[in-house]
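Colleague: Let the sequences and hints guide you as you build the complete structure.
Protein chains in written order, with this note's numbering: chain R, 41 to 380; chain L, 41 to 380.
Quick caveat, the hints were computed from the structure, so don't treat them as lab data.
Honestly, I wouldn't trust all of these hints.
Any copy will do: because identical chains look the same in the list, a pair fits if it lies in one copy or spans two.
[Stated by the list, open to error] Below, in silico cross-link-like pairs of lysine to any residue (SDA-like), each with a Cα-Cα straight-line distance of 25 Å or less:
(1) LYS223 / ASP332
(2) LYS336 / GLU304
(3) LYS61 / ASP240
(4) LYS188 / LYS268
(5) LYS43 / SER349
(6) LYS346 / ILE255
(7) LYS268 / VAL350
(8) LYS301 / THR243
2 protein chains.
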Amino acid sequence: MSKYVVAVVGATGLVGGEMIKILEQRKFPVKQLVPLATGKKEKRVVRFKGASITVKETTDASFNGVDLALFAGGGSASQEFGWEAVRRGAVVVDNSSCFRMRADVPLIVPEVNIKHLKRHQGLIANPNCSTIQMCVALKPIYLKLGIKRVVVSSYQSVSGTGKAAMEELTTHTKAVLAGHKTKPAVYPKEIAFNVLPQIDMFTSNGYTKEEMKMINETRKIFSDPNMKISATCVRVPVYVGHAESVNVETLRPLSVDSLRKLMEKTPGLIVVDDPDPVEGDEFRRTYPLSIDTTGKDDVFIGRLRKDLSVENGFDMWVVADNLRKGAALNAVQIAEFIFT
Amino acid sequence: MSKYVVAVVGATGLVGGEMIKILEQRKFPVKQLVPLATGKKEKRVVRFKGASITVKETTDASFNGVDLALFAGGGSASQEFGWEAVRRGAVVVDNSSCFRMRADVPLIVPEVNIKHLKRHQGLIANPNCSTIQMCVALKPIYLKLGIKRVVVSSYQSVSGTGKAAMEELTTHTKAVLAGHKTKPAVYPKEIAFNVLPQIDMFTSNGYTKEEMKMINETRKIFSDPNMKISATCVRVPVYVGHAESVNVETLRPLSVDSLRKLMEKTPGLIVVDDPDPVEGDEFRRTYPLSIDTTGKDDVFIGRLRKDLSVENGFDMWVVADNLRKGAALNAVQIAEFIFT
Numbered sequence: 041m042s043k044y045v046v047a048v049v050g051a052t053g054l055v056g057g058e059m060i061k062i063l064e065q066r067k068f069p070v071k072q073l074v075p076l077a078t079g080k081k082e083k084r085v086v087r088f089k090g091a092s093i094t095v096k097e098t099t100d101a102s103f104n105g106v107d108l109a110l111f112a113g114g115g116s117a118s119q120e121f122g123w124e125a126v127r128r129g130a131v132v133v134d135n136s137s138c139f140r141m142r143a144d145v146p147l148i149v150p151e152v153n154i155k156h157l158k159r160h161q162g163l164i165a166n167p168n169c170s171t172i173q174m175c176v177a178l179k180p181i182y183l184k185l186g187i188k189r190v191v192v193s194s195y196q197s198v199s200g201t202g203k204a205a206m207e208e209l210t211t212h213t214k215a216v217l218a219g220h221k222t223k224p225a226v227y228p229k230e231i232a233f234n235v236l237p238q239i240d241m242f243t244s245n246g247y248t249k250e251e252m253k254m255i256n257e258t259r260k261i262f263s264d265p266n267m268k269i270s271a272t273c274v275r276v277p278v279y280v281g282h283a284e285s286v287n288v289e290t291l292r293p294l295s296v297d298s299l300r301k302l303m304e305k306t307p308g309l310i311v312v313d314d315p316d317p318v319e320g321d322e323f324r325r326t327y328p329l330s331i332d333t334t335g336k337d338d339v340f341i342g343r344l345r346k347d348l349s350v351e352n353g354f355d356m357w358v359v360a361d362n363l364r365k366g367a368a369l370n371a372v373q374i375a376e377f378i379f380t
Numbered sequence: 041m042s043k044y045v046v047a048v049v050g051a052t053g054l055v056g057g058e059m060i061k062i063l064e065q066r067k068f069p070v071k072q073l074v075p076l077a078t079g080k081k082e083k084r085v086v087r088f089k090g091a092s093i094t095v096k097e098t099t100d101a102s103f104n105g106v107d108l109a110l111f112a113g114g115g116s117a118s119q120e121f122g123w124e125a126v127r128r129g130a131v132v133v134d135n136s137s138c139f140r141m142r143a144d145v146p147l148i149v150p151e152v153n154i155k156h157l158k159r160h161q162g163l164i165a166n167p168n169c170s171t172i173q174m175c176v177a178l179k180p181i182y183l184k185l186g187i188k189r190v191v192v193s194s195y196q197s198v199s200g201t202g203k204a205a206m207e208e209l210t211t212h213t214k215a216v217l218a219g220h221k222t223k224p225a226v227y228p229k230e231i232a233f234n235v236l237p238q239i240d241m242f243t244s245n246g247y248t249k250e251e252m253k254m255i256n257e258t259r260k261i262f263s264d265p266n267m268k269i270s271a272t273c274v275r276v277p278v279y280v281g282h283a284e285s286v287n288v289e290t291l292r293p294l295s296v297d298s299l300r301k302l303m304e305k306t307p308g309l310i311v312v313d314d315p316d317p318v319e320g321d322e323f324r325r326t327y328p329l330s331i332d333t334t335g336k337d338d339v340f341i342g343r344l345r346k347d348l349s350v351e352n353g354f355d356m357w358v359v360a361d362n363l364r365k366g367a368a369l370n371a372v373q374i375a376e377f378i379f380t
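Modeller: Below you can see the structure in the form of structure tokens.
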């Protein structure tokens with residue numbers, strides 16, 4: 041089997057670190073790992089297969105001889121080095137939002153639209169975390185029943201913002217518990233013991249960029265530019281794991297039991313939704329939780345039920361590890377389709 | 041002006057305590073306050089208008105001579121003493137869910153359906169916290185545009201469960217921060233740094249009781265038994281203040297600006313939704329937050345925008361203090377319509 045030189049841009053960040061872990065866990069055929077950071081931070085090392093590898097600063101020349109470059113260093117690093125890496129011979133899987141909507145860049149969720157990969161021109165985009173898990177959950181519904189409309193409200197963890205946000209949640213939670221005042225720094229408002237109905241900047245239509253990503257990226261992934269979606273994205277004081285309350289109106293009917301069975305058979309989905317709890321233990325029915333998905337690879341579905349407000353529709357609760365399936369794992373899965 | 045003997049059942053609980061505070065703050069004409077508790081707890085006192093009043097155990101005889109009885113002692117206390125208090129001459133405003141759906145019991149949100157009060161037979165029901173704030177927000181839309189369908193996902197604080205839940209959030213948060221294991225007691229699953237897609241028990245259709253309350257109570261309040269609503273109720277690690285992501289499909293069109301103006305004129309609603317933020321400060325647009333509503337009386341609206349997925353529809357973010365407008369204040373407001 042061939043082995044490859046793999047660069048990870050943003051190797052010291054949350055997603056980059058997770059990428060390196062996943063390359064090792066999934067035995068990606070790595071000949072040499074090239075961990076890269078952006079900006080002049082203190083010298084760091086990453087661990088990979090028992091070895092310590094020094095993280096270098098990203099330059100154009102970093103990509104000479106690189107077969108695969110996983111980008112998780114933020115939008116400006118992708119802008120600056122993404123296509124340069126392609127020019128120097130690498131295939132790039134980019135976790136930033138820079139190129140996702142470009143016609144010449146496939147936007148891939150392997151379980152949903154791996155067929156789009158064949159159109160790639162060296163750079164493939166990894167979708168937004170909240171988009172990926174929703175698309176995996178919507179796929180079997182879309183194929184079997186058709187989708188008329190989706191209304192989604194999210195419960196997104198702070199690790200989606202990065203390490204500094206996780207630290208802000210910890211330090212601010214401690215401060216609030218101690219009765220001290222806090223001053224938001226990473227977030228525009230206080231995140232401790234609060235929920236923030238804003239992720240990313242606002243756009244002129246009143247939606248945030250995160251909400252528009254869920255709408256536009258989902259349409260591109262399903263090759264359905266008119267798919268009707270409304271999204272409200274909310275940050276919650278959870279460290280890892282995004283949850284979504286997804287309401288789907290379908291074109292055709294199906295029983296909840298049949299849909300549950302269909303989802304149980306769907307690769308990448310795990311149904312955690314016991315419809316017949318133990319007698320006398322009704323209160324403790326099962327459903328997926330953000331804290332339980334940490335480190336897991338699948339998208340978890342629960343609270344599946346017939347929507348009472350439309351003829352054909354369902355409500356469901358969709359949870360995934362935003363750093364893995366929502367980012368690093370999805371990127372490595374894309375790379376596996378190309379290289380293995 | 042006449043003055044009245046006012047009993048508060050559940051006076052040592054979160055909502056009962058808030059009721060006593062609000063009776064004083066709003067200068068309700070109280071001749072005598074009768075604080076009552078259920079169960080044999082240690083002797084307690086409550087403070088009212090500078091005096092300490094001993095809390096007594098609730099018995100049938102407690103209601104002799106009582107003009108107004110505010111019930112916030114849970115379902116079993118309302119079942120046991122609610123109609124008995126009426127028989128002994130009191131008007132009862134009941135915060136439990138026991139009698140809300142009975143045809144002979146009006147279910148009142150003063151800003152929405154105060155006209156239903158005239159049918160009362162001694163006992164008036166206070167709606168569920170998450171229902172009240174949504175109804176106040178929906179009222180101007182319902183009147184002006186008609187409502188085709190509502191899809192709501194909630195972000196409900198732990199104070200809705202009571203004091204023990206607030207303590208569980210504190211102790212479990214500290215335990216998680218210290219790296220210790222926790223064992224859920226009040227909640228079926230861990231609430232610290234997590235979100236729980238379950239409030240109250242499950243019903244046979246897969247919705248929880250809390251979700252069915254939002255559906256059925258809203259229909260009763262609007263006298264619209266076929267109103268189309270789907271709800272997903274989620275507990276979040278916030279102490280006080282419920283937030284709701286409300287998607288409304290309307291029968292007739294209106295611009296967002298006109299709707300915002302309409303809501304700004306609506307009593308009981310405060311719009312916190314600057315559509316034109318300061319140049320260069322776009323990231324810090326205003327919207328209501330759970331932690332900012334604590335102690336406030338109004339229902340706060342933000343994130344108002346045209347829904348992109350339907351011809352006529354809006355998304356909005358609705359926040360209120362669940363102990364005040366969601367419970368104690370709404371009950372006292374109902375009493376004010378009867379007694380003042």
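Colleague: Looking at the structure, which of the earlier hints fail to hold?
Modeller: Hints 3, 5 not satisfied by this model.
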